[in-house]
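Start from chain A and add chain B according to the hints.
2 protein chains.
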Amino acid sequence: MKLYGYWRSSSAWRVRTALAYKGIRVEGVPVNLRVGEQHEPGFVAKSPAHTIPLLELDDGRCITQSMAIISYLEETHPEPPLLPKDPVHRAWVREQAELVNSGIQPLQNLMVLMRVKHELKGDDTAWAAHWIALGLSALEALAESRAGRFSVGDAVSLADVYLVPQLYNARRFGADVTRFPTLLRVEAACLALPAFQEAHPDRQPDAVKDSK
Amino acid sequence: MKLYGYWRSSSAWRVRTALAYKGIRVEGVPVNLRVGEQHEPGFVAKSPAHTIPLLELDDGRCITQSMAIISYLEETHPEPPLLPKDPVHRAWVREQAELVNSGIQPLQNLMVLMRVKHELKGDDTAWAAHWIALGLSALEALAESRAGRFSVGDAVSLADVYLVPQLYNARRFGADVTRFPTLLRVEAACLALPAFQEAHPDRQPDAVKDSK
Chain A
359 MKLYGYWRSS SAWRVRTALA YKGIRVEGVP VNLRVGEQHE PGFVAKSPAH
409 TIPLLELDDG RCITQSMAII SYLEETHPEP PLLPKDPVHR AWVREQAELV
459 NSGIQPLQNL MVLMRVKHEL KGDDTAWAAH WIALGLSALE ALAESRAGRF
509 SVGDAVSLAD VYLVPQLYNA RRFGADVTRF PTLLRVEAAC LALPAFQEAH
559 PDRQPDAVKD SK
Chain B
359 MKLYGYWRSS SAWRVRTALA YKGIRVEGVP VNLRVGEQHE PGFVAKSPAH
409 TIPLLELDDG RCITQSMAII SYLEETHPEP PLLPKDPVHR AWVREQAELV
459 NSGIQPLQNL MVLMRVKHEL KGDDTAWAAH WIALGLSALE ALAESRAGRF
509 SVGDAVSLAD VYLVPQLYNA RRFGADVTRF PTLLRVEAAC LALPAFQEAH
559 PDRQPDAVKD SK
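If you read the sequences in order, they're chains A and B. For the first sequence, the working numbering gives the first residue as 359, with consecutive numbering after it. For the second sequence, the working numbering gives the first residue as 359, with consecutive numbering after it.
Just chain A, same shape as in the assembly:
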């Protein structure tokens, strides 16, 4: 399999974490979002929404959207699991992951920030920080009652895979993360694990050291 990604994309980062956690090796293919490689016709033929991550299977079939890719990996490589067994706990894991996936990240991705800045002449950093603070406050409230060592109970789950990149983005946009002690405690537990370390943007071959 091949994973098309970009070092700093939080959505690609989620998939890298899932792959590393499950010990699945794939070929990484960098797509440089800063120079618009996601708009090249060869790539759009595989990803009509011009987005990464994109997982290309060995038979050439393609899957985009981090949640679809990670669910596919979970179903085809169930061990170690990223979802608990209990149906309500599974729902809580998905709820917390979706709060990031559909509640925060779509409002602070590069395409949206460019439009806020160039079309609406708005402050794109303030826009991003607003939605991140709002979403992480809700996530902190949920995690407060549900977290053990990790976001939901004591096992690593999808909720953690989505949380870690979102906290990285929160700091990047100047959000005050000290308001989220439960999330920070879980983040520290995650970052102590090799899978989370290996998936970190700074460890990717296409990382650019001095970019904003």
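Because the hints were derived from the structure by calculation, they are not lab data. All figures in this text were calculated on a predicted structure; none of them were measured in a lab. Don't take every hint at face value.
One copy or two, either will do: identical chains are not told apart, so a pair holds if it fits within one copy or between any two.
[Stated by the list, open to error] Straight-line Cα separation of at most 35 Å, DSBU-like style, residue types lysine-lysine; simulated pairs: (1) K380 to K443; (2) K360 to K475; (3) K443 to K404; (4) K380 to K404.
Below, chain B alone, put in the same frame as chain A:
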């Protein structure tokens, strides 16, 4: 179980469709987003992100986020299924549903449009129409090669549950849906089914006939 929703929320509509398709009866609790009932402390205690849909189980435990709720229903009430059996087809269904769930809807929900209009002094309708057209173009490209009678193959799936409310919103914001013939064909097949009819906003007790 109780479903907290709002007649016109496309996210609540998705859950209503899944419930109707699976023949699960729940008590509907309207939350009037237009007058801010989602911000009342009693509701926020159940839904810290101030969002509907919210599924409250008989034991009082709560789940928010349409994808988490519908996945819970799929796992606890597997028949009739909303996901195919084949892992790649499941991934495609989730990919198409997520394209709506995280790729389009978050950018055109009420909270975001209010911020575009009041904080950035932008044209909220044009903003919504832009993201809807972009997302549905990608969805059309995916569905073109995958759709049979429905979005992925010949069985109703999550992808259809997410598509129908998004097309309703597309028209509401003036997007030109004639560019998406595959999606329109699938929508017509869905709307011929009782579950999709029953879940329609206009059929909900809290529907307001003359609102924008």
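Hint check:
1. K380 to K443: Both. Shortest intra-copy (17 Å) and inter-copy (22 Å) distances satisfy the 35 Å Cα cut-off.
2. K360 to K475: Within one copy, since 34 Å is at most 35 Å while 41 Å is not.
3. K443 to K404: both (34 Å within a copy, 23 Å between copies)
4. K380 to K404: both (25 Å within a copy, 33 Å between copies)
Comparing the model with each numbered hint stated earlier shows that all of them hold.
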